[in-house]
Amino acid sequence: MRSPADSRRLAELGLWIALAAALQAAETLVATPVPWFRLGLGNALVLVALHRGGARDGAWVALGKVFLGGLLAGRLFGPGFLLSLVGAAAAVVVMGLALRGSPPLGFVGLSVLGATAHALAQVALASTLLLQSPALWSLAPFLVLLALATGCVTGLVAHRIAAALEARPP
Amino acid sequence: MTRRAWGPADIALVAALALAAVAALPGGGSPGAVEVLSPGGAALWPLGAGRREVAGPLGVTVVEVGPRGGRVVASPCAGQVCVRAGEVTRPGQVVACLPNRVAVRLVGGASGEGVDAVAR
Chain A
279 MRSPADSRRL AELGLWIALA AALQAAETLV ATPVPWFRLG LGNALVLVAL
329 HRGGARDGAW VALGKVFLGG LLAGRLFGPG FLLSLVGAAA AVVVMGLALR
379 GSPPLGFVGL SVLGATAHAL AQVALASTLL LQSPALWSLA PFLVLLALAT
429 GCVTGLVAHR IAAALEARPP
Chain B
61 MTRRAWGPAD IALVAALALA AVAALPGGGS PGAVEVLSPG GAALWPLGAG
111 RREVAGPLGV TVVEVGPRGG RVVASPCAGQ VCVRAGEVTR PGQVVACLPN
161 RVAVRLVGGA SGEGVDAVAR
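Residue numbers (this note's numbering), protein chains in the order written: chain A, 279 to 448; chain B, 61 to 180.
Check the hints yourself; a few may be wrong.
[Stated by the list, open to error] Label-pair distances were calculated between CB atoms; the ranges are:
1) B:Trp105 / A:Gly379: 43 to 51 Å
2) B:Gly146 / A:Arg280: 35 to 43 Å
3) B:Gly126 / A:Ala442: 29 to 37 Å
4) A:Pro282 / B:Ile71: 38 to 46 Å
5) A:Leu293 / B:Gln140: 49 to 57 Å
6) A:Arg446 / B:Gly67: 19 to 27 Å
7) A:Ala300 / B:Gln140: 20 to 28 Å
8) B:Ile71 / A:Leu354: 37 to 45 Å
9) B:Ala76 / A:Leu293: 31 to 39 Å
10) B:Val120 / A:Pro381: 52 to 60 Å
11) B:Pro99 / A:Gly352: 55 to 63 Å
12) A:Ala441 / B:Arg112: 53 to 61 Å
13) A:Pro412 / B:Ala138: 23 to 31 Å
14) B:Thr62 / A:Arg280: 24 to 32 Å
Hint data in this document are derived by calculation from the structure and do not stem from the laboratory.
Treat the numbers as computed from the prediction; the structure is a model and nothing was measured.
All residues carry an ideal CB built from backbone N, CA and C; glycine is no exception.
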C-alpha cells in the first residue's frame, strides 16, 4: 500500500517528465537564430524535481525528458539524441552535487551550473566522438555565455514553479 | 525548506563564469585560412579556394571557401543546421555538421589566433 505522500511524489514525477519531454521536443523542432541554441526550459523541471525530491527524482526527470523528448521529436538514438543524453546527464549530476553546496546556491545559480555543464559536456562529446578534433572547443566560450543567459531564465522559471507549489501545500 | 531564486553566491558564480568565458573568447585578427575537418582528416584551405566536396559517413558535404570565410553549402544530414548557420567570417568560429562529422573552422592570419586552449 502506497502512502498518500508516495502517490503524490509519483504523480508529480510523471507530470515533470511529461512536461519536460514535451518542452524539449518542441524546442528541438523550433528553428532558432543561432544554431544549436535552445532555451532548455525542460531543465527548469529537472531543477524543480531536484529541489523537491532530491538527486534521484532529478535524474528520473532528466533521463525521462531525453528519452521521451527524443521519441517525440523522432530522433531517438541519432547523434543529436546522444548529445542531448550526455548534456542532460552532465547537467543533472552537476546540479545534484551543487544542491548541497555551501554557501547554498539559489535556483539561478544551480540552473546556470547545469546549463554550463550541459554545453561543455556536449562540446567534449562532439569533439572526441564525432569530430576527433579539438576544433569545436573554440565555440565553448560562446556556448558558456549563452548558457549563462538561458540558465538565468530557466532558473527563475524553476523558482516560480517551486514557490507556487510551496504556497499551496497538499 | 525554501530556496531563494538568487543571492550573493549566485551573482558571484555567474560573474565568475562570465569573466572566464569572455577571457577565453577567441581573439580577433584577420581571417587567414579555413580548416576543414572530416573523418578523412584535417585540411587547411586558403581563402578563396572555392567549392570542394568532403566525404562523411552520410555522404558528401559541399564546403565553399570564399574570400572572407567558409560555409557549408550542401549537406546530406537531416537537420541542415550546418547549412543554415551560414558563413564563418571571424577567426575561431566553427560551423559543424555533427551527423556527417564535418567541421569548418576559420583560423587566424599572420597575427595568429593566440592560444588554442585545449583540455584533454
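Going down the list of hints, with the structure as the test:
Restraint check, Trp105 of chain B to Gly379 of chain A: a C-beta distance of roughly 47 Å satisfies the suggested window 43 to 51 Å. The hinted window of 35 to 43 Å between Gly146 of chain B and Arg280 of chain A is violated, with their beta carbons roughly 54 Å apart. With their beta carbons about 52 Å apart, Gly126 of chain B and Ala442 of chain A fall outside the hinted range of 29 to 37 Å. At roughly 40 Å, the beta carbons of Pro282 of chain A and Ile71 of chain B sit within the given window of 38 to 46 Å.
Remark: the range hint 49 to 57 Å for Leu293 of chain A to Gln140 of chain B is contradicted by a beta-carbon distance near 34 Å. Distance hint for Arg446 of chain A and Gly67 of chain B: a CB-CB separation of about 24 Å, consistent with the stated range 19 to 27 Å. Take Ala300 of chain A and Gln140 of chain B: their Cβ atoms lie about 24 Å apart, and the range 20 to 28 Å holds. Evaluation of the 37 to 45 Å hint for Ile71 of chain B and Leu354 of chain A yields a pass: the beta carbon distance comes to about 39 Å.
A beta carbon spacing of about 35 Å between Ala76 of chain B and Leu293 of chain A agrees with the range 31 to 39 Å that was offered as a hint. A hinted range of 52 to 60 Å holds for the C-beta pair Val120 of chain B and Pro381 of chain A, which are about 54 Å apart. As the Cβ distance of Pro99 of chain B to Gly352 of chain A is approximately 25 Å, the hint placing it in 55 to 63 Å is violated. Our hint of 53 to 61 Å for Ala441 of chain A and Arg112 of chain B holds, since their Cβ atoms are close to 56 Å apart.
Between Pro412 of chain A and Ala138 of chain B the beta carbons are some 26 Å apart, a value that agrees with the proposed interval 23 to 31 Å. Distance hint check for Thr62 of chain B and Arg280 of chain A: the Cβ-Cβ separation is about 27 Å, which falls inside the suggested range of 24 to 32 Å.
In summary, the structure is inconsistent with hints 2, 3, 5, 11 from the numbered list given earlier, while agreeing with the others.
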